[in-house]
Amino acid sequence: MELKEIGNTIDALDSLQTGALYQSDFLLTWDKAEDEIRAVLAVAEILQIMRACSISPRIFDSGLAVAIFRDKSTRTRFSFQSAANLLGLAAQDLDETKSQIAHGETVRETANMISFLTEIIGIRDDMYLGYGHTYMREVSESVREGHRNGVLPQIPTLVNLQCDIDHPTQSLSDLLHLASYFGSLEALKGKKIAMTWAYSPSYGKPLSVPQGVIGLMSRFGMEVTLAYPEGYTLIPEVEDLAGKNSEACGGDFHRTHSMAEAFADADIVYPKSWAPYEVMQRRTELLKTGDTRKLDELEKECLELNKRFIDWECGEELMRKTKDALYLHCLPADISGVNCEHGEVAASVFERFRLATYREASFKPYIIAAMMFLSKIEKPGKVLSELLQRKSARVH
Amino acid sequence: MELKEIGNTIDALDSLQTGALYQSDFLLTWDKAEDEIRAVLAVAEILQIMRACSISPRIFDSGLAVAIFRDKSTRTRFSFQSAANLLGLAAQDLDETKSQIAHGETVRETANMISFLTEIIGIRDDMYLGYGHTYMREVSESVREGHRNGVLPQIPTLVNLQCDIDHPTQSLSDLLHLASYFGSLEALKGKKIAMTWAYSPSYGKPLSVPQGVIGLMSRFGMEVTLAYPEGYTLIPEVEDLAGKNSEACGGDFHRTHSMAEAFADADIVYPKSWAPYEVMQRRTELLKTGDTRKLDELEKECLELNKRFIDWECGEELMRKTKDALYLHCLPADISGVNCEHGEVAASVFERFRLATYREASFKPYIIAAMMFLSKIEKPGKVLSELLQRKSARVH
Amino acid sequence: MELKEIGNTIDALDSLQTGALYQSDFLLTWDKAEDEIRAVLAVAEILQIMRACSISPRIFDSGLAVAIFRDKSTRTRFSFQSAANLLGLAAQDLDETKSQIAHGETVRETANMISFLTEIIGIRDDMYLGYGHTYMREVSESVREGHRNGVLPQIPTLVNLQCDIDHPTQSLSDLLHLASYFGSLEALKGKKIAMTWAYSPSYGKPLSVPQGVIGLMSRFGMEVTLAYPEGYTLIPEVEDLAGKNSEACGGDFHRTHSMAEAFADADIVYPKSWAPYEVMQRRTELLKTGDTRKLDELEKECLELNKRFIDWECGEELMRKTKDALYLHCLPADISGVNCEHGEVAASVFERFRLATYREASFKPYIIAAMMFLSKIEKPGKVLSELLQRKSARVH
Numbered sequence: 003m004e005l006k007e008i009g010n011t012i013d014a015l016d017s018l019q020t021g022a023l024y025q026s027d028f029l030l031t032w033d034k035a036e037d038e039i040r041a042v043l044a045v046a047e048i049l050q051i052m053r054a055c056s057i058s059p060r061i062f063d064s065g066l067a068v069a070i071f072r073d074k075s076t077r078t079r080f081s082f083q084s085a086a087n088l089l090g091l092a093a094q095d096l097d098e099t100k101s102q103i104a105h106g107e108t109v110r111e112t113a114n115m116i117s118f119l120t121e122i123i124g125i126r127d128d129m130y131l132g133y134g135h136t137y138m139r140e141v142s143e144s145v146r147e148g149h150r151n152g153v154l155p156q157i158p159t160l161v162n163l164q165c166d167i168d169h170p171t172q173s174l175s176d177l178l179h180l181a182s183y184f185g186s187l188e189a190l191k192g193k194k195i196a197m198t199w200a201y202s203p204s205y206g207k208p209l210s211v212p213q214g215v216i217g218l219m220s221r222f223g224m225e226v227t228l229a230y231p232e233g234y235t236l237i238p239e240v241e242d243l244a245g246k247n248s249e250a251c252g253g254d255f256h257r258t259h260s261m262a263e264a265f266a267d268a269d270i271v272y273p274k275s276w277a278p279y280e281v282m283q284r285r286t287e288l289l290k291t292g293d294t295r296k297l298d299e300l301e302k303e304c305l306e307l308n309k310r311f312i313d314w315e316c317g318e319e320l321m322r323k324t325k326d327a328l329y330l331h332c333l334p335a336d337i338s339g340v341n342c343e344h345g346e347v348a349a350s351v352f353e354r355f356r357l358a359t360y361r362e363a364s365f366k367p368y369i370i371a372a373m374m375f376l377s378k379i380e381k382p383g384k385v386l387s388e389l390l391q392r393k394s395a396r397v398h
Numbered sequence: 003m004e005l006k007e008i009g010n011t012i013d014a015l016d017s018l019q020t021g022a023l024y025q026s027d028f029l030l031t032w033d034k035a036e037d038e039i040r041a042v043l044a045v046a047e048i049l050q051i052m053r054a055c056s057i058s059p060r061i062f063d064s065g066l067a068v069a070i071f072r073d074k075s076t077r078t079r080f081s082f083q084s085a086a087n088l089l090g091l092a093a094q095d096l097d098e099t100k101s102q103i104a105h106g107e108t109v110r111e112t113a114n115m116i117s118f119l120t121e122i123i124g125i126r127d128d129m130y131l132g133y134g135h136t137y138m139r140e141v142s143e144s145v146r147e148g149h150r151n152g153v154l155p156q157i158p159t160l161v162n163l164q165c166d167i168d169h170p171t172q173s174l175s176d177l178l179h180l181a182s183y184f185g186s187l188e189a190l191k192g193k194k195i196a197m198t199w200a201y202s203p204s205y206g207k208p209l210s211v212p213q214g215v216i217g218l219m220s221r222f223g224m225e226v227t228l229a230y231p232e233g234y235t236l237i238p239e240v241e242d243l244a245g246k247n248s249e250a251c252g253g254d255f256h257r258t259h260s261m262a263e264a265f266a267d268a269d270i271v272y273p274k275s276w277a278p279y280e281v282m283q284r285r286t287e288l289l290k291t292g293d294t295r296k297l298d299e300l301e302k303e304c305l306e307l308n309k310r311f312i313d314w315e316c317g318e319e320l321m322r323k324t325k326d327a328l329y330l331h332c333l334p335a336d337i338s339g340v341n342c343e344h345g346e347v348a349a350s351v352f353e354r355f356r357l358a359t360y361r362e363a364s365f366k367p368y369i370i371a372a373m374m375f376l377s378k379i380e381k382p383g384k385v386l387s388e389l390l391q392r393k394s395a396r397v398h
Numbered sequence: 003m004e005l006k007e008i009g010n011t012i013d014a015l016d017s018l019q020t021g022a023l024y025q026s027d028f029l030l031t032w033d034k035a036e037d038e039i040r041a042v043l044a045v046a047e048i049l050q051i052m053r054a055c056s057i058s059p060r061i062f063d064s065g066l067a068v069a070i071f072r073d074k075s076t077r078t079r080f081s082f083q084s085a086a087n088l089l090g091l092a093a094q095d096l097d098e099t100k101s102q103i104a105h106g107e108t109v110r111e112t113a114n115m116i117s118f119l120t121e122i123i124g125i126r127d128d129m130y131l132g133y134g135h136t137y138m139r140e141v142s143e144s145v146r147e148g149h150r151n152g153v154l155p156q157i158p159t160l161v162n163l164q165c166d167i168d169h170p171t172q173s174l175s176d177l178l179h180l181a182s183y184f185g186s187l188e189a190l191k192g193k194k195i196a197m198t199w200a201y202s203p204s205y206g207k208p209l210s211v212p213q214g215v216i217g218l219m220s221r222f223g224m225e226v227t228l229a230y231p232e233g234y235t236l237i238p239e240v241e242d243l244a245g246k247n248s249e250a251c252g253g254d255f256h257r258t259h260s261m262a263e264a265f266a267d268a269d270i271v272y273p274k275s276w277a278p279y280e281v282m283q284r285r286t287e288l289l290k291t292g293d294t295r296k297l298d299e300l301e302k303e304c305l306e307l308n309k310r311f312i313d314w315e316c317g318e319e320l321m322r323k324t325k326d327a328l329y330l331h332c333l334p335a336d337i338s339g340v341n342c343e344h345g346e347v348a349a350s351v352f353e354r355f356r357l358a359t360y361r362e363a364s365f366k367p368y369i370i371a372a373m374m375f376l377s378k379i380e381k382p383g384k385v386l387s388e389l390l391q392r393k394s395a396r397v398h
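So the protein sequences, as listed, match chains A, B and C. Residue numbers for the first sequence follow the working numbering, beginning at 3 and rising by one. Residue numbers for the second sequence follow the working numbering, beginning at 3 and rising by one. Residue numbers for the third sequence follow the working numbering, beginning at 3 and rising by one.
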């Protein structure tokens, strides 16, 4: 998109029903109407072009954007910091080792204590099934209670930076990357995307990326094929949801236990490892009882199980079965012969798409900034027009 | 307070003698004249109302606010970051594990090395009697020496974020909360406040909160009752100071070893655990010699001692003895049956005042911002009036 | 310098060839032409005087300055944060323990993932010979590849915050300190500077400070004497370079194994410990094979070797041999009887120059800001003039 096209995009934005995003959290893409999803993409594109043209989209003179990372993160962490900074907020990590966070009473308390002048709270909590999304809801309810009761002068809105169920900043970056690659959202209609399990020598990778992908891509008329070895199911409710989405939107959702079948005639492939739902459930139970011996056994068992599917690798032969498909990955990928012996993808395939995966990731700061923007600005089209007219330079 | 009342508050501020706050540290409330204390409260209120009305109080275009936390912190850390951000400063932690801080020579050196473009230094150092306040004074003298000798272009002023003697950002937040709850500072005259020890299963809680409370509240005509089990004294000089304050201000300061007596007819109760002064002294000596075995013994001895006073809990029966008192706590509280078996306060009492304690904490960012503001701006009333006229929006 | 002299300095800046600094990294001073070095000093001085006069030099409305510290740092860390903040960038640390950084593939990837909205990357990687500079080049090439391929909308330029070869922000701060002390760069012509090894009870201090000093000071017509005990050589190529620089610039470069000879008639002395090149090479080899036993042995051997030169201390007697020399140190110094039994410098000598070494360090934020400024602004003189005319206040 170029600067002269921004006007059209703002017009398109104005025609969407986006009122429900104002003062709202962004936790799951399937909680959001299609108009709202389209609004996030439109605002992300507008912010990206504004920045490229050195027009500042700063809307805040002060305010904090607090990040709580309960798992390692590089790209999401810097994307969140960049998005906050672009809009004028100061990003602050809540380092739970340097404070006192516990369960029950204190989630409510801590949520308020970090929020007195906080506009946005971003949370990554993706390790344990049944926890991350629940924790985010609890934080959200706590700060809203605080706002209702005169503790907080504003409602800090939440951005899900990956939970146990969804990873919306990732799947929306993926979607914007696809729209950019194929020309438009409309051009995705009828395209086949293969979301497939792939082998990795590591244990316990979250389910939220594949869940996020099938939950979102099934809404835009694509043929979504989900492939995994028997037993490597995702959360059943999310698989069901993808099916219902596809039905409603005129697309198709299909499951298979063959990577080759998924790749056949695919336009897009997303080979990515995850742990089986059933293993993740057992792990959650063992964590509750704190049985470290059994947790170690489960890890060994799961790694042994994985090895039976070591041939689930995105190699050249599989790629030849596709319609010259675009390779997607949320990064970092396990690349055979590069950072592991056998991994998710062959080195030659990855290298061919390496820079494309970087571009895929490059949409994330703008997706996050768009989520922030839409939760804080009631009339996004009007304000964006004003910012364009203000034309304050981002760099002197 | 509402926006239209700001004018009156600025007039009131202008009538106070505040010159001595300019370029000064804020280490102990009792080093400050009553006018100066009133000025901090007035500026805090003004900043709070400005922010609520989306009028930016930013006075800095750049500059650092450095925080040194030698103990865990959530609410004070985020309050400091928020205050810095509100005024336009970038908050930076000095992580002593990632740098080289020691005693003697290097306190002077480090103080200067972190201060080349630093406006404010906030320090929490509350663990050991005889250390925190001394360390703050050494940092302050070091940067002033640096400023006199052409090392630093400005004097970084200090904000005490809790030392071994006082916790001024806490006690002033408490005071502003009381003024807000009862209507005005004047309305506090004659009110009875019970600052009482309470049981906690944990060891070594600092004395600075109760010391800060009796040292400050005794200056506004309140009847201050300090209650603790025999032997759980505070630093004797601070207890004496509270008595002298009360005499000078027409209030009353009274000590007792009965929690019930303290609660009788109280308007405000502040039940909070701390370690006995004498134990803290022995601990400091043992830390100097590094005798870990004796330190462990002291901890056990103190926890055993505590158990004898397990009935010092703020329960419903005690609350009924008060004049429908307001419950205060600096948070986090040890709540019986919630985050410990037996603690400082009964769950039902805490729950009734939970949101009130959050509001009590919510004043802290503005108190800290007011301390920063007054140490950096020579004519606070004039500048606040200009900021109100500038009317730069905090949020677009 | 005073505000009224800024015009002359900007004129001088305009007369220099500085075009090659635009969009360039600053990795080694000897990669830069003399005009470019002079430009860094000029811009640093201008920024310093602007800040002192409360004129904001902010050129960025948003953008990140990412710091990667692979070794402890206080003064450089805060100097980098201050420089970023002064120009309007938000400083963000990449904490490698909270992300996933490895070798090979992922350096390229991580470099891009942290750079989507990043203007500057500052790196300290000084521990191992053969690594730091190589790593910086790899990061630089990676982000440039990203920029060429549509991943990054801007080129993040690098600032070397100390590598295995050079420490340009230190040596340029030292040079500006000398120019300030002796009156001008021109006044340094013919001055004798003694860069000498000194005893320290610690092991493995990097070579980059002495290398940076001889590599830079040899370009301004000074008589550079490098002194060390036999075997304590620096990287041979850098010693050679200093010799060639001196020849080209009409100065002198001289090596000796006598501290006294180096100090004789010196105008400036820089006594500072480092590990012998040959030991650092063996250490690098052992690190590659991971032989911790041999690494321990090497450390012991080196510390024993050091002890033979315990008399290489900058004491009063040696100082009397100088021409009332100025003492330099990058800090922290090992001071005999203060932070170690025997160290690099006698307590009385250090104390006499303590505040002077603080002033020496105080130039670093402005040197770093100047490097940032010149890599981002194509016409520095023009923009500085505009900033002076804009006269936006740094403090209200």
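These are computed hints drawn from the structure, not numbers from a lab. No residue lacks a Cβ here, since even glycine has one placed at the ideal position from N, Cα and C. Treat each hint with caution, since some may be false.
[Said to hold, decoys possible] Listed below are the simulated DSS-like cross-link pairs for lysine-lysine, each with C-alpha atoms no more than 27 angstroms apart in a straight line:
(1) C:Lys309 with C:Lys74
(2) B:Lys393 with A:Lys74
(3) C:Lys393 with A:Lys74
(4) A:Lys393 with C:Lys393
(5) B:Lys381 with C:Lys384
(6) B:Lys393 with C:Lys393
(7) A:Lys207 with A:Lys302
(8) A:Lys393 with C:Lys384
(9) A:Lys381 with B:Lys384
(10) B:Lys302 with B:Lys191
(11) A:Lys393 with B:Lys207
(12) A:Lys296 with A:Lys207
(13) B:Lys384 with C:Lys290
(14) C:Lys74 with A:Lys393
(15) A:Lys381 with A:Lys393
(16) C:Lys296 with C:Lys309
(17) A:Lys384 with B:Lys393
(18) B:Lys74 with C:Lys74
[To be verified] Output of the computed footprint for chain C on chain A, the stretches with three or more beta carbons under 8 angstroms from beta carbons of chain C:
(19) 17 to 27
(20) 237 to 249
Now the hints, each set against the structure:
1. Between Lys309 of chain C and Lys74 of chain C, the direct Cα distance comes to roughly 25 angstroms. Compliance with the 27 angstroms bound is thereby established for this hinted pair.
2. A C-alpha spacing of about 42 angstroms is found between Lys393 of chain B and Lys74 of chain A, which places the hinted pair above 27 angstroms, so the restraint is violated.
3. Only pairs whose Cα atoms come within 27 angstroms are accepted, and Lys393 of chain C paired with Lys74 of chain A is rejected, the gap being roughly 43 angstroms.
4. For the hint linking Lys393 of chain A to Lys393 of chain C, the alpha-carbon distance of about 20 angstroms falls within 27 angstroms, and the restraint holds.
5. A C-alpha spacing of about 36 angstroms is found between Lys381 of chain B and Lys384 of chain C, which places the hinted pair above 27 angstroms, so the restraint is violated.
6. Distance check on the hinted pair: Lys393 of chain B and Lys393 of chain C sit about 20 angstroms apart at the alpha-carbon level, within 27 angstroms; holds.
7. The hinted pair formed by Lys207 of chain A and Lys302 of chain A meets the criterion: a straight-line CA distance of about 14 angstroms does not exceed 27 angstroms.
8. Of the pairs offered as hints, the one joining Lys393 of chain A and Lys384 of chain C holds, with about 21 angstroms between alpha carbons and a cut-off of 27 angstroms not exceeded.
9. The hinted pair formed by Lys381 of chain A and Lys384 of chain B fails the criterion: a straight-line CA distance of about 36 angstroms is larger than 27 angstroms.
10. Of the supplied pair hints, the one linking Lys302 of chain B and Lys191 of chain B is violated, its CA atoms being roughly 42 angstroms apart against a limit of 27 angstroms.
11. The hinted pair formed by Lys393 of chain A and Lys207 of chain B fails the criterion: a straight-line CA distance of about 54 angstroms is larger than 27 angstroms.
12. Taking the CA atoms of Lys296 of chain A and Lys207 of chain A, the gap is about 18 angstroms. The hint holds against a cut of 27 angstroms.
13. Between the alpha carbons of Lys384 of chain B and Lys290 of chain C the distance comes to roughly 64 angstroms, so the proposed pair goes past 27 angstroms and is violated.
14. Between Lys74 of chain C and Lys393 of chain A, the direct Cα distance comes to roughly 42 angstroms. Violation of the 27 angstroms bound is thereby established for this hinted pair.
15. Annotation: proposed proximity of Lys381 of chain A to Lys393 of chain A holds, straight-line Cα distance about 19 angstroms (limit 27 angstroms).
16. About 20 angstroms separates the Cα atoms of Lys296 of chain C and Lys309 of chain C, which keeps this hinted pair within 27 angstroms; it holds.
17. Distance hint between Lys384 of chain A and Lys393 of chain B is fulfilled; the C-alpha atoms sit about 21 angstroms from each other, no more than 27 angstroms.
18. A hinted pair counts as satisfied when its Cα atoms are at most 27 angstroms apart, and Lys74 of chain B with Lys74 of chain C qualifies at roughly 22 angstroms.
19. Counting residues of the region 17 to 27 of chain A whose C-beta lies closer than 8 angstroms to any C-beta of chain C gives 0; at least three are required, and the coverage claim is violated.
20. Here's how the region 237 to 249 of chain A fares: 0 of its residues keep a CB closer than 8 angstroms to some CB of chain C, so the rule of at least three is not met and the hint is violated.
When held up to the earlier numbered hints, the structure conflicts with 2, 3, 5, 9, 10, 11, 13, 14, 19, 20 and fits the remainder.
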